[in-house]
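Sequence order for the protein chains is A and B.
Each residue of the first sequence is one higher than the last, beginning at 1 in the working numbering.
Each residue of the second sequence is one higher than the last, beginning at 1001 in the working numbering.
Keep in mind the hints are simulated off the structure, nothing from the lab.
Glycine is no exception: its CB is placed at the ideal position from the N, C-alpha and C atoms.
Please note that a few of the clues may not be correct.
[Said to hold, decoys possible] Some, not all, of what chain A presents toward chain B, calculated at C-beta under 10 Å: (1) E94; (2) R385; (3) Q441.
[Claimed, not checked] Which bits of chain B does chain A cover? Going by a derived footprint, with three or more residues having C-beta under 8 Å, they are: (4) 1008-1018; (5) 1027-1035; (6) 1038-1050; (7) 1067-1073.
[Unchecked claim] Across the chosen pairs, the derived CB separations fall in these ranges: (8) P104/A to L1051/B: 36 to 44 Å; (9) H121/A to L1051/B: 28 to 36 Å; (10) L1023/B to P347/A: 49 to 57 Å; (11) P104/A to R1035/B: 33 to 41 Å; (12) R1035/B to H121/A: 42 to 50 Å; (13) A404/A to R1034/B: 50 to 58 Å; (14) H121/A to D1025/B: 45 to 53 Å; (15) D1025/B to V159/A: 14 to 22 Å; (16) E423/A to T1027/B: 53 to 61 Å; (17) I108/A to A1054/B: 22 to 30 Å; (18) T1027/B to P104/A: 21 to 29 Å.
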Amino acid sequence: MRRAFLLSLVVYALIITGLIARIGTVLYANSGTNRGGLVLALSLLFVIYLVASLLRAPGAVSLEITRTLSAERVGTNIPVEVTMTVTNSGPSLEEVLIEDNVPPGLVICDGSPRHVLRLTHGETVTWRYTIRGPRGYYAFSSVRVKACDPLGLINREQVLTPSSAARLFILPPVLRLKYVTIHPRRTRVYSGLVPARVGGTGTDFFGVREYQAGDPPHWINWRATARHPDTLFSNEFEQERVTDIGIVLDGRRRANLFGVGPAFQRPCPQDDGHPCPTLFEYSTLAAAALADAFLAQGNRVSLLLYGRFLRWALPGYGKVQRERILRTLALAETGDSEIFADLDHIPTQLFPARSQVVLVSPLLPGDSLLLSDRTDDLEVLIRLRARGYRVMIISPDPVAFEVALIHADPAFGDQKAGRPDVELAARITQIERSLMLQRLQRAGIQVINWDVSKPLEQAMHRHLGRPLTWLRAVGATLDTGALSRLQRAWHRCAGLGLPGKRERGCSADPAPIWSALAGSPVALATAHPATLGRDMHRGAGVVLSVGTGRRCCRRRCRIATGSPERLDGRRCVGWAAGLGFDRS
Amino acid sequence: MVVGASGGLLAWDLTDLDRRLRLADSTDDLSTIRRRHLVWLGLAAGIGLLLAAAAMLIPLRFSFALTVFLALSAVLGMTRLVSWLHRG
């Protein structure tokens, strides 16, 4: 309409100018040329232009628009095709601009949501475009339609709503975790994969008890029976059941203030040019992977988003629950709230008593300036543990994340060389964080400090990998320090990336294993569950199991008490693991 | 002057057409839109030029009162036209 208005002003000006000139001509008849008539004639040109526009001005816009998405739920940055179909049920439109309002955050990677068309009555036009985007929920709303006459002078703009609402869930990527071991204090009655600390039917050796009628013959422990000829003994296995697991995703903005801001919005070279993910994205990733792993084990899992407000996915089982949790995670975003500023308001009544609670959070120490009321996350978590919940914390390391970002940023690169205070600050912060995590561990909380530059599976496997068969058989508790020492030694020995590859065997020099255990009381045992129970009483302290490969089992190289050289001589070093015995 | 004004009007119109069509996708059928636009523009400019030329070449003599009346009628008519456009 601006052009029409401008043109009208021009016409007005010409008419008035012509009129004034005409008056002058009339008043001063001898002035010569008829300039007033010339100017008035000039205005005719613009008047005709206006009238021509008016004749073909668009009438009421009556379009039927249908929008179809090729998928309603996709993974991050997976292309989705949007098909738009427009039918003109009204009068012909000489020129119409139709623009689909793409929700902010989505990127158009092919085609265009905006088209300029000429639509006759009853004509149908279809076009497609492709979008992709980061995790989130995107609701497609309206379509902007702007019709105009052929000269573009008179416009008619409307916002139309397609007949069917379209929405798109872009779910977080789900990493496959092979096995995540948890030991909640209470399990449910249904069979699953979580050790229930109760004897019965199962796969892992649990103990020996007196024979009861109905026990299968292959359960009879003949060795124990031979020692007590008047009684039959049966092996007992540990029951494995499902359990309740509540995952809490910390969405407090003050706890996730890492990797955000314009300085960190540069494209990530490892991620196909997309912006580097924030720390909260990594938290979401971990929550999705954990939920998937727990549900795959048959557990009942719920999810609580703790941020600006509470968003709660009710507990459930199976694929439906997995989808529900992933959709809830797609909606997850950081936010601040006075009420949920600290973790003290986690509604624990949502979680069954003595169940497993998994918190995914970078954690805020008590002296953090981001905590207005100085309510320490640690105290809250320790209280949660004291109430009987089994608490596990997956904590993406914010210090390492921030340091990596700073180092990768070329703007900071020059300053870093001349400013060692950045390095010093990072070291101090890392030490403070380590102390905080140690406090949590001492309180009996399982803490997994995840350096997000490494795969989640690696961090999870190190802390939560399924214990070895014989380890589960004796029901021992893991000594994390000994295990990590042994794993490091094993990596050096085997030259393999993960302990999961142990079946391939390793005949390399086992010296690193012994040096890793230097100073620890060592006993050697086979990996056979039935014999390890007995060997356990002979050994003391840390037990090193060597040689679980078939070759070793066939040779029955069971005991080599305190003499690693003997075993080394037999070349039975297949894999190694350490554990601390409660009954040393 | 009339020819110059016509040229200015055409340039202004074509610039705006180019701005509008820049919003279109490369797959759109812009040739039809452009052709129809040029047809209408040519008609409007041609008729306008003809009328302007006729108004200049055909000598019509009005009295002062009639001239004022015609001018005021034109202004009022234009006002009605603009208000109609605004309502539209």
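Right, here's what the structure says about each hint:
no., hint, result
1, E94, "holds, 7 Å"
2, R385, "violated, 59 Å"
3, Q441, "violated, 59 Å"
4, 1008-1018, "holds (count 4)"
5, 1027-1035, "holds (count 6)"
6, 1038-1050, "holds (count 9)"
7, 1067-1073, "holds (count 3)"
8, P104/A to L1051/B: 36 to 44 Å, "violated, 51 Å"
9, H121/A to L1051/B: 28 to 36 Å, "holds, 33 Å"
10, L1023/B to P347/A: 49 to 57 Å, "holds, 50 Å"
11, P104/A to R1035/B: 33 to 41 Å, "holds, 37 Å"
12, R1035/B to H121/A: 42 to 50 Å, "violated, 20 Å"
13, A404/A to R1034/B: 50 to 58 Å, "holds, 53 Å"
14, H121/A to D1025/B: 45 to 53 Å, "violated, 23 Å"
15, D1025/B to V159/A: 14 to 22 Å, "holds, 20 Å"
16, E423/A to T1027/B: 53 to 61 Å, "holds, 54 Å"
17, I108/A to A1054/B: 22 to 30 Å, "violated, 52 Å"
18, T1027/B to P104/A: 21 to 29 Å, "holds, 25 Å"
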